[in-house]
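J.: Sequence:
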Amino acid sequence: MNSIFREPINALTHLAGAVLAFVALIAMTVKASMLGEPLAIMAAILFGISLVFLYLSSGLYHSIIASPNVIAFFRRIDHAMIYALIAGTYAPLTLLALEGPTRWVLFGTVHALALFGIVFKLVWFHAPRFLSTALYIGMGWLSVFFIGPLHSVIGNAGIFWLVLGGVMYTVGGLIYGFKPKFVNWRGWGFHEVFHLFILFGSFAHFVCVFWYVF
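Quick note on numbering: full-length UniProt numbering labels position 175 of the sequence shown as 175, and the sequence is numbered without any gaps.
Worth flagging that the hints you see were computed from the coordinates, not collected in a lab. Keep in mind the model is a prediction, meaning the values are calculated, not measured. Ideal placement from N, C-alpha and C gives every residue a C-beta, glycine not left out. Just so you know, nobody snuck in bad clues.
Straight-line C-alpha distance at most 20 Å; calculated EDC-like pairs for lysine to aspartate or glutamate:
1. Lys181 with Glu7
2. Lys181 with Glu192
3. Lys179 with Glu7
4. Lys179 with Glu192
Pairwise CB distance ranges (calculated):
5. Asn69 with Ala27: 32 to 40 Å
6. Asn156 with Leu39: 22 to 30 Å
7. Val163 with Leu39: 22 to 30 Å
8. Arg6 with Ala112: 29 to 37 Å
9. Pro180 with Pro128: 13 to 21 Å
10. Ala66 with Val167: 32 to 40 Å
Full structure from sequences and hints, please.
T.: Below, the structure is given as structure tokens:
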């Protein structure tokens, strides 16, 4: 296995995530199409594609056995796609669960921050890890300031899955940022555990969007 994947566990978890993300993209697009609303279709595509790009870029980065320069390039793309996923996740929440100026203020703010984060990662990749982690988490929890309007549309169950996804991503981010040794077990380290929490977070947000937003 080591001759095929540079980091087998990390590669396989997120390549599996890419396959599931593609299925999620199709499922959300079909369901959104049934609503007959262009914004719903747009939101489904943005969220679904961001999931596919995140997991595909991560899976490829952890798979390839190549020169240091090639690996470094894929690593930059991998990290930059985290911002794309955050923005993509906000698409259905803002475009479908919010109304009026609030919808476009949050949509625009998150996408502007995501663009900044992508450029930041591509230009200053070796910035202190806590800076990126703080921006990831901060962007993710912006939704708490709009919890009232969101709750009126997606209800208690939707909020549960939304918050659960945020918690999973946050715990994963903290594990990635602090590299705790207590998670090390039989070839699994902080990075492998981080990958699992990202998968859990994506699943929770998919449930929120698919069942309670669309």
